[in-house]
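Heads up: the protein sequence lines correspond to chains A and B, in order. With the first letter of the first sequence counted as 1, position 252 gets the number 1135 in our numbering; the numbers rise by one all the way through. With the first letter of the second sequence counted as 1, position 190 gets the number 224 in our numbering; the numbers rise by one all the way through.
Just so you know, these hints were derived from the structure itself, not from any lab. Source: prediction; values computed, not measured. Built from N, CA and C at the ideal position, the CB exists for glycine as well. Hints are supplied without guarantee of correctness; some may be wrong.
Unchecked claim - If the Cβ cut is set under 8 Å, some of the chain A residues that face chain B in the computed set are:
{"id": "1", "residue": "R958"}
{"id": "2", "residue": "P969"}
{"id": "3", "residue": "G980"}
Stated by the list, open to error - Facing chain A, a subset of chain B residues (Cβ under 10 Å, in silico):
{"id": "4", "residue": "L196"}
{"id": "5", "residue": "R200"}
{"id": "6", "residue": "Q207"}
{"id": "7", "residue": "S212"}
{"id": "8", "residue": "L216"}
{"id": "9", "residue": "F301"}
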Amino acid sequence: MALIEAKALAKSYGDNIVLEQVNTKVEKGEFITIVGTSGCGKTTFLRMLLGIEQPTRGKLLLGGNPFPDEPSPERGIVFQRYSVFPHLTVLKNVLVGLELESSPFTGRLFGSERGEAIAKAKEILNSVGLSHALNLYPHEMSGGMQQRLAIAQALIKNPKILLLDEPFGALDPGIRGDMHQLILDLWRKTGVTIFMITHDLQEGFYLGTRLWVFDKIRLDKDNPNSYGACITYDIPAGNKDNNTYHEIDDSLDESRRVLVG
Amino acid sequence: MKRLINRHPDNWLKYTLGTLPFVAVLVLYVFASDARLAENPKDKLLPSLSSIATAVDKAATEPSKRTGEYILWNDTIASISRLAMGVGAAALIGLIFGVMNGAIPLIRANLSPFITVVSLIPPLALLPVLFIVFGLGELSKVVLIAVGITPFIIRDLQNKVLELPRELIIKAQTLGASTWLLIIRVILPQVLPRLIDAVRLSLGAAWLFLIAAEAIASTDGLGYRIFLVRRYMSMDIILPYVAWITLLAFMTDYILRTISTRAFPWFHAMSK
Ligand SMILES: Nc1ncnc2c1ncn2[C@@H]1O[C@H](COP(=O)(O)OP(=O)(O)O)[C@@H](O)[C@H]1O
Ligand SMILES: [Mg+2]
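Please take these sequences and the hints and turn them into a complete structure.
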């Protein structure tokens, strides 16, 4: 059975139809990158996977069952900003993930349990290249380091699904390459299923195993919210076919022109 | 010449400019006082600095004939402890209800309209009620301060909780936090520095309520003393008492600010 399945999924806010007729299946271990014009509903789709938005119509299934209607540890998340706790050091930002579930009253671990948790946290921080920064607060780190921390924090729970909403959007292009390598390494190592939104079509094209383009098939120039977006392209990534790249690029440009006017 | 809005004082100039108004007021006072005393040596309105110094020295270092206490220190301790108890209670209640209101929509729906209405009651109008209910002793003064500033602290903290990035609240849930753990490990530590800010903002009002309550029913305290000696037009006591209260208020604020920057460096780095 597919890990995730969407059947005629639709989402609207009042009159604003954001998504409609989203049909897809995702298997365990896929790495899906999502592109689309701004405001077309990519984040909305991710929020439904996270359980903080519910579908208006249609079905969204996780392992054959409806999605849980609130966040849980099986789905980790990294946002573009505000992903890490500003009041905790790097080590504690990761440690807190282990403490929250194992200590229902104080939310803290003590003694040897704490020692084991710290060792585990250090290991994962090492794998994202932050072992030299254990005692720094987020505000003392660069944007790239903060995102590494956010990834480590999300992975400490061994989630089945990792959701990334433009995680590298605010970073310098130079750093992005390193981050791509990091996320690919972690994905291979953990086998986690990844959904990553990006506004960089190129990034979407070579990272991961599958590229989705969210776009509106029908566009009403005067009333852009009367039709929703769906998945217009669903192609294996790593497909280095230049024609496809330009075709998608052109179609996104077209939507952008119509929507922005 | 640069525009005025682009001209910044260097450190020396900044310090001098900042000190100037204080010196100006002092000089003005001395002149006015001298002028009045030259006309009428018995004038009580603007006593000379030396007679103020004598009065302060007496209040601070000579035990009172009637009670054997050092009036200034006794008044100070009485007032500060009332203030500390009232503000402390308000901070604690404000923290608990502010966090619960901010974090839990069902509680917010239940309490928020009520607290909004309560915060509109002028606390001083309740003072007679407090005297009737709690008597004329310490309790009613402490309760007045607490009643006066708690609604503000609750509402301020509620907003501060709601202003925390939603991302952090969602993130904590993906790490497996229950409502309780989300509150004590994510929300509470992040609103503590904001609680200190709220307390600093409400201290002015707290002093107002304290002095009002002491003026009306008390046997000691800084506010009591000022209103007592008013009958004899003792400006030589009133003026230094006002200055002393101002200094205490300044020091309290300074101490709170220092505690906050020391204990929550991440907060102050963020809000820069
Ligand atoms: N909570 C909400 N209430 C109303 N409209 C919303 C809400 N969240 C998103 N939208 C609307 O849904 C559309 C898609 O938003 P979003 O999913 O954030 O786009 P994207 O991430 O693709 O840029 C936008 O038109 C946005 O205004
Ligand atoms: Mg988005």
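Results for each hint:
no.: 1; hint: R958; result: holds (6 Å)
no.: 2; hint: P969; result: holds (5 Å)
no.: 3; hint: G980; result: holds (4 Å)
no.: 4; hint: L196; result: violated (15 Å)
no.: 5; hint: R200; result: holds (8 Å)
no.: 6; hint: Q207; result: holds (4 Å)
no.: 7; hint: S212; result: holds (7 Å)
no.: 8; hint: L216; result: holds (8 Å)
no.: 9; hint: F301; result: holds (7 Å)
In this structure, only the earlier hint numbered 4 is contradicted, and the remaining ones agree with it.
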